[in-house]
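Student: Going line by line, the protein sequences match chains B and F. The opening position of the first sequence corresponds to residue 1 in my numbering, with each subsequent residue numbered one higher. The opening position of the second sequence corresponds to residue 341 in my numbering, with each subsequent residue numbered one higher.
Since the hints were made in silico from the structure, they are not lab data. Keep in mind that a hint or two might mislead.
As the list claims (entries may be wrong) - A few chain F residues that face chain B, going by a derived Cβ cut-off under 7 angstroms, partial list only:
id : residue
1  : Glu466
2  : Val473
3  : Gly475
Built from N, CA and C at the ideal position, the CB exists for glycine as well.
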Amino acid sequence: MGVEIRVEGLTKSFGRQVIWEDVTLTLPAGEISVLLGPSGTGKSVFLKTMVGLLKPDRGHCWIDGRDMPNLRERDMYEVRKLFGVLFQDGALFGSMNLFDNIAFPLREHTRKSESEVRRIVLEKMEMVGLAGAQNKFPGEISGGMRKRAGLARALVLDPQIILCDEPDSGLDPVRTVLLNQLIVDLNAEIEATILIVTHDINTARTVPDNIGMLFLRQLVMFGPREMLLSSEEPVVRQFLNARKVGPIGMSEEKDLSELEAEARLGRDPGALPPIPPQLMTSDGRIRRTQHAPGEWLRAHGVTPPEGSFIDEMGRDWLEEWPRYVSAMSADAGRPAEGAH
Amino acid sequence: MARAGKMADGVANVTLREPGRFFALSLDTFRALFTWPFQWREFLQQAWFIVSVTVAPTIMVAIPFGAILSLQVGNLIRQLGAQSQTGSTAVLAIVREASPIVTALLIAAAAGSAICADLGARKIREEIDAMEVLGINPLHRLVVPRVLACAFVGLFLNGIVSVVGIAGGYVFNVMLQGGTPGAYIASFSGLAQLSDLYQAEVKAVVFGITAALVASYKGLTASGGPKGVGDAVNQTVVIAAMALFVENFVLSALYFQLVPQKGM
Ligand SMILES: Nc1ncnc2c1ncn2[C@@H]1O[C@H](COP(=O)(O)OP(=O)(O)O)[C@@H](O)[C@H]1O
Ligand SMILES: [Mg+2]
Numbered sequence: 001m002g003v004e005i006r007v008e009g010l011t012k013s014f015g016r017q018v019i020w021e022d023v024t025l026t027l028p029a030g031e032i033s034v035l036l037g038p039s040g041t042g043k044s045v046f047l048k049t050m051v052g053l054l055k056p057d058r059g060h061c062w063i064d065g066r067d068m069p070n071l072r073e074r075d076m077y078e079v080r081k082l083f084g085v086l087f088q089d090g091a092l093f094g095s096m097n098l099f100d101n102i103a104f105p106l107r108e109h110t111r112k113s114e115s116e117v118r119r120i121v122l123e124k125m126e127m128v129g130l131a132g133a134q135n136k137f138p139g140e141i142s143g144g145m146r147k148r149a150g151l152a153r154a155l156v157l158d159p160q161i162i163l164c165d166e167p168d169s170g171l172d173p174v175r176t177v178l179l180n181q182l183i184v185d186l187n188a189e190i191e192a193t194i195l196i197v198t199h200d201i202n203t204a205r206t207v208p209d210n211i212g213m214l215f216l217r218q219l220v221m222f223g224p225r226e227m228l229l230s231s232e233e234p235v236v237r238q239f240l241n242a243r244k245v246g247p248i249g250m251s252e253e254k255d256l257s258e259l260e261a262e263a264r265l266g267r268d269p270g271a272l273p274p275i276p277p278q279l280m281t282s283d284g285r286i287r288r289t290q291h292a293p294g295e296w297l298r299a300h301g302v303t304p305p306e307g308s309f310i311d312e313m314g315r316d317w318l319e320e321w322p323r324y325v326s327a328m329s330a331d332a333g334r335p336a337e338g339a340h
Numbered sequence: 341m342a343r344a345g346k347m348a349d350g351v352a353n354v355t356l357r358e359p360g361r362f363f364a365l366s367l368d369t370f371r372a373l374f375t376w377p378f379q380w381r382e383f384l385q386q387a388w389f390i391v392s393v394t395v396a397p398t399i400m401v402a403i404p405f406g407a408i409l410s411l412q413v414g415n416l417i418r419q420l421g422a423q424s425q426t427g428s429t430a431v432l433a434i435v436r437e438a439s440p441i442v443t444a445l446l447i448a449a450a451a452g453s454a455i456c457a458d459l460g461a462r463k464i465r466e467e468i469d470a471m472e473v474l475g476i477n478p479l480h481r482l483v484v485p486r487v488l489a490c491a492f493v494g495l496f497l498n499g500i501v502s503v504v505g506i507a508g509g510y511v512f513n514v515m516l517q518g519g520t521p522g523a524y525i526a527s528f529s530g531l532a533q534l535s536d537l538y539q540a541e542v543k544a545v546v547f548g549i550t551a552a553l554v555a556s557y558k559g560l561t562a563s564g565g566p567k568g569v570g571d572a573v574n575q576t577v578v579i580a581a582m583a584l585f586v587e588n589f590v591l592s593a594l595y596f597q598l599v600p601q602k603g604m
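For reference, chain B alone in the conformation it holds in the complex (with noise of 0.2 angstroms):
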């Protein structure tokens, strides 16, 4: 079961350069959720912070009842056994192979045999597709693997929080999308909260239950996947429709001559694009936490664009998605009921 995570007015500056102000938001317990960003703007320092490692100027992180940034060392390592974590390079440690790497948390926080660490490494490794690595040290393996690597070991220990830093980055389409669908997969299995950060659109529009987005050492926006997608907000549109035309430039900011010579070509923003629906476990289950599809839409009362929630083989989700349900309490309530 995840954890709720609420963090509240979390503010962080290196000596005189402030990273973000007054960062407020909630990841819902067991939800899956996706940090945007242009490059610099403090995801990765928002994810050490959120564990402990960095400390911020002010603001909590409430986890668990418990107030990160302001625990003693001794309760912070407790809480910290909660959490999954994949850094932006896989932090492996270099002087083990793959293997060691990935049973490290496993030797050190549980009295599984050797046997049993084996047999889990070996599964996790699978999962990630890393089959047959075992002995590879991670200087000797491309960033993907390393990343994958990374990912397994964050993963051996089942966490109740999973934070993922870039684990597209360096990874090719097709990879990036079956890790997507193994997120996907874990989120459904293990119920853990899932904090994600990502530069890819793709993963953006479709795995996250919520998005949110920092620019200017701001949290621009955070909330449920179709408000961001249908957002007419100038940054957060620009970014997850990966676009030119908007505030965000080479240098995080585009200055006053970029935009007002974009205002006299007189290009304007455009429809939005349509919203893709999110993607489904592989084997056809319903996360406990996943909403239907175009469910805030409605409650908010947004016409979503034209062709949206229409998937790669044409089925319409908002149509499919009644029907879907009622297929899987049919299958799924059986044997639930069996074991009552």
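Place chain F with the ligands on chain B using the hints.
Tutor: Only chain F with the ligands this time, still in chain B's reference frame:
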């Protein structure tokens, strides 16, 4: 205005914040020292590693040190007509002063730089962060074994410098200056006493601990990529060497105050 502010900031950093953080790390390391279980494997690996990077240079430095002391002091003493006392002055100079200094420099330069480079590389690869997130205290796991290994190796290094230095002195005195082997050895205990050796060993342990703490602090606070690690290593050597000379002076002064000296 802004520049003055920046400078004041820099000064405060060097005089207050950095030393403050360093002592905080030292205290935390001391606390971690008593945390079970002791990391024997890491300790032995590190001790072996430090031995491997320091022993050869130590011997290479100790031989000329002993020789030069013998030559210089021997000449002087011969002019004073006390040639039979060359042995005792060599022992005194080498055991009491030269060997702690040589040990200090080599521990700071060879062991300190290696420890700092290792920890710094781990820091910028985020291994240290990963370790903390996995619930492992890096001070307990990495720093404590390194500090103890450095102290332990310092102890032996000091012994090696003394032995090699005196042997070097002997060779030069007897072969080049026409001293007699008997007199050299017989005068050993003229000025020196056993407590000289003890104080040298205490110094070596203190130097080992200091150098390892400075190196660990610099390594664990490295930032800014590979160049940052390079800078940290450089600063480690400079800071550790300075700290060790200051400690050497303080310990020597204390020793002369506390332990009565032999006359001739
Ligand atoms: N330990 C640190 N000390 C000083 N500045 C840092 C540190 N870590 C990150 N920064 C700064 O914080 C900013 C945000 O970094 P980061 O979180 O890595 O960005 P992102 O992950 O969003 O690309 C950068 O400008 C970086 O220079
Ligand atoms: Mg980053």
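Student: Taking each numbered hint in turn, which are not upheld by the structure, reported in ascending numerical order?
Tutor: none
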